Amino acid sequence: MAKGIIVIDPGHGGTASVGGSDPNHAVSPSGMTEKALTLAIGLRLRDAILAANAAGHQVTVFMTRVTDENLGLAARAHVARDRNADLFLSIHFNGFNGIARGVEAFVRPAANGNVNLAADTAFAAKVQKRVFQAIKARDGNTKDRGVKQLKLGVLDDAALGNTAASHRCRACLLEIEFMDVPAVDQLLNTGPNAAVVRSEIAAAIKDAVLDELT
Amino acid sequence: MPRRRSLAVSLLFVGVVGCGTPSPSPLATYRPFYTFQDRRGDARGSLTGDYQWAESSATLQEAAARWKEFLGRHTPPNGEYQDAFERNYVRSAQYELMRVEYLLGNTAEGDALLRELEDVQGRQ
Chain A
1 MAKGIIVIDP GHGGTASVGG SDPNHAVSPS GMTEKALTLA IGLRLRDAIL AANAAGHQVT
61 VFMTRVTDEN LGLAARAHVA RDRNADLFLS IHFNGFNGIA RGVEAFVRPA ANGNVNLAAD
121 TAFAAKVQKR VFQAIKARDG NTKDRGVKQL KLGVLDDAAL GNTAASHRCR ACLLEIEFMD
181 VPAVDQLLNT GPNAAVVRSE IAAAIKDAVL DELT
Chain W
1 MPRRRSLAVS LLFVGVVGCG TPSPSPLATY RPFYTFQDRR GDARGSLTGD YQWAESSATL
61 QEAAARWKEF LGRHTPPNGE YQDAFERNYV RSAQYELMRV EYLLGNTAEG DALLRELEDV
121 QGRQ
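As given, the protein sequences belong to chains A and W, one line each in that order.
The opening residue of the first sequence carries number 1 in this note's numbering; numbering runs sequentially from there.
The opening residue of the second sequence carries number 1 in this note's numbering; numbering runs sequentially from there.
Calculated from the structure, these hints are not laboratory results.
Each hint should be verified, as a subset may be incorrect.
Some but not every residue of chain W turned toward chain A, in silico, with C-beta under 7 Å [claimed, not checked]:
| id | residue |
| --- | --- |
| 1 | PRO32 |
| 2 | PHE33 |
| 3 | PHE36 |
| 4 | TRP53 |
| 5 | ASP83 |
| 6 | PHE85 |
| 7 | ASN88 |
| 8 | ALA108 |
| 9 | ASP111 |
Dumping the calculated DSBU-like pairs for lysine-lysine here, alpha-carbon to alpha-carbon at most 35 Å [as the list claims (entries may be wrong)]:
| id | chain 1 | residue 1 | chain 2 | residue 2 |
| --- | --- | --- | --- | --- |
| 10 | W | LYS68 | A | LYS143 |
| 11 | A | LYS151 | W | LYS68 |
| 12 | A | LYS143 | A | LYS3 |
| 13 | A | LYS3 | A | LYS136 |
| 14 | A | LYS136 | W | LYS68 |
| 15 | A | LYS3 | A | LYS148 |
| 16 | A | LYS151 | A | LYS3 |
| 17 | A | LYS148 | A | LYS136 |
| 18 | A | LYS136 | A | LYS151 |
Label-pair restraints from in silico Cβ distances [unchecked claim]:
| id | chain 1 | residue 1 | chain 2 | residue 2 | range |
| --- | --- | --- | --- | --- | --- |
| 19 | W | ALA28 | A | ILE99 | 39 to 47 Å |
| 20 | W | ARG31 | A | LEU43 | 26 to 34 Å |
| 21 | W | THR107 | A | ASN84 | 47 to 55 Å |
| 22 | W | SER25 | A | ALA125 | 45 to 53 Å |
| 23 | W | ALA65 | A | SER166 | 46 to 54 Å |
| 24 | W | SER56 | A | ALA55 | 51 to 59 Å |
| 25 | W | SER56 | A | ALA137 | 35 to 43 Å |
| 26 | A | LYS136 | W | ALA28 | 25 to 33 Å |
| 27 | W | ASN78 | A | ASN53 | 19 to 27 Å |
| 28 | A | THR15 | W | ARG73 | 46 to 54 Å |
| 29 | A | GLY19 | W | SER25 | 42 to 50 Å |
| 30 | W | GLY45 | A | ILE99 | 23 to 31 Å |
Only a predicted model underlies this, so the values are computations on that prediction, with no experimental measurement involved.
Positions of the beta carbon are idealized from the N, C-alpha and C atoms, including for glycine.
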């Protein structure tokens, strides 16, 4: 049975930049904003984990936000520090030129102060793999972009409460798909199965979290 | 072939090979490498709006100036990115500027950007 504490961080939010966090980045062809979609998936993930607790798991969930508000990057990480979290997952959607596709996850490089790179990478790989498989089952055109290293402010170990001596919190940032691609917009927002696909993605992340905390 | 004519042909060959392909004029038409389907016309000052402004440059000279301004404004402080979206735009702007510098014949400036971007030697 899984046991532990996770902080779910739906990326962006609100209407103004706060502490290095812009209110929104990607926008779908139908007009769906990244900040709304990250919150929708985050809330579904929370509910999926809480439902799993009914089966005997003991996973406590905290959200960095549950409404359309923005928090600074450090403030998001501080939720994990202050709640003594085992896992911190920042949820985002990607975007570039309306063509690029794929699922990828990011961890902070050791050169940029990551004191538990291997543990972060293992957690990120579980999440990325499960989400890729869930989307691949619906759309064969997605791509496995794997786990990469990037200096991301929200994954700063000092802000997460990790030190070289004590580093219980594993953290990663998940880029679920490129939401500026019309086919992805249809999959996640406008298609007849959009709600089901969102739930499948949340369930895939939930499975990875339970696996990580078991 | 007369000796003098042969020498002239040889010098012409050496001249062409030695000079290589001439650099385009700074006023040559600029065409960005990355092509975007989305043309929402985001506001100037935003990451995407400024990117669209830079990529719509008319000439190589204008493109160099605009990409430099874009990178000066949107490269995150201390290299702390928010997410991959931001990194995609900043990184592609670096590639666009590097390409423009080479097209303008500014090899040193292009190489400086290449050194920042290349990861073959293990740089992140």
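These are the hints, each one checked on the structure:
1. PRO32: violated, 10 Å
2. PHE33: violated, 11 Å
3. PHE36: holds, 5 Å
4. TRP53: violated, 16 Å
5. ASP83: holds, 5 Å
6. PHE85: holds, 4 Å
7. ASN88: Nearest chain A Cβ about 5 Å off; hint holds.
8. ALA108: It is violated, given that the least Cβ distance between ALA108 (chain W) and chain A is near 27 Å, above 7 Å.
9. ASP111: Violated. Min distance 23 Å.
10. W:LYS68 - A:LYS143: holds, 32 Å
11. A:LYS151 - W:LYS68: holds, 22 Å
12. A:LYS143 - A:LYS3: Judged against 35 Å, a Cα distance of about 32 Å means the pair holds.
13. A:LYS3 - A:LYS136: Holds, at about 29 Å.
14. A:LYS136 - W:LYS68: Between LYS136 (chain A) and LYS68 (chain W) the Cα gap is close to 39 Å, so the pair fails against 35 Å, i.e. violated.
15. A:LYS3 - A:LYS148: Holds: LYS3 (chain A) and LYS148 (chain A) sit about 27 Å apart, inside 35 Å.
16. A:LYS151 - A:LYS3: holds, 29 Å
17. A:LYS148 - A:LYS136: Measuring from Cα to Cα gives roughly 20 Å; hence the hint holds.
18. A:LYS136 - A:LYS151: holds, 28 Å
19. W:ALA28 - A:ILE99: 39 to 47 Å: Violated: the Cβ-Cβ distance is about 26 Å, outside 39 to 47 Å.
20. W:ARG31 - A:LEU43: 26 to 34 Å: Violated: the Cβ-Cβ distance is about 44 Å, outside 26 to 34 Å.
21. W:THR107 - A:ASN84: 47 to 55 Å: holds, 54 Å
22. W:SER25 - A:ALA125: 45 to 53 Å: Given range 45 to 53 Å: holds, Cβ gap about 50 Å.
23. W:ALA65 - A:SER166: 46 to 54 Å: holds, 49 Å
24. W:SER56 - A:ALA55: 51 to 59 Å: Given about 55 Å between the Cβ atoms, the range holds.
25. W:SER56 - A:ALA137: 35 to 43 Å: This hint holds: roughly 39 Å between Cβ atoms.
26. A:LYS136 - W:ALA28: 25 to 33 Å: Check failed, 44 Å falls outside 25 to 33 Å.
27. W:ASN78 - A:ASN53: 19 to 27 Å: Given a distance of about 39 Å, which is not inside 19 to 27 Å, the answer is violated.
28. A:THR15 - W:ARG73: 46 to 54 Å: For THR15 (chain A) and ARG73 (chain W) the Cβ distance comes to about 20 Å; the hint is violated.
29. A:GLY19 - W:SER25: 42 to 50 Å: Taking Cβ atoms as reference, GLY19 (chain A) and SER25 (chain W) lie about 45 Å apart, which means the hint holds.
30. W:GLY45 - A:ILE99: 23 to 31 Å: Once the Cβ atoms are compared, 26 Å apart, the range 23 to 31 Å for ILE99 (chain A) and GLY45 (chain W) holds.
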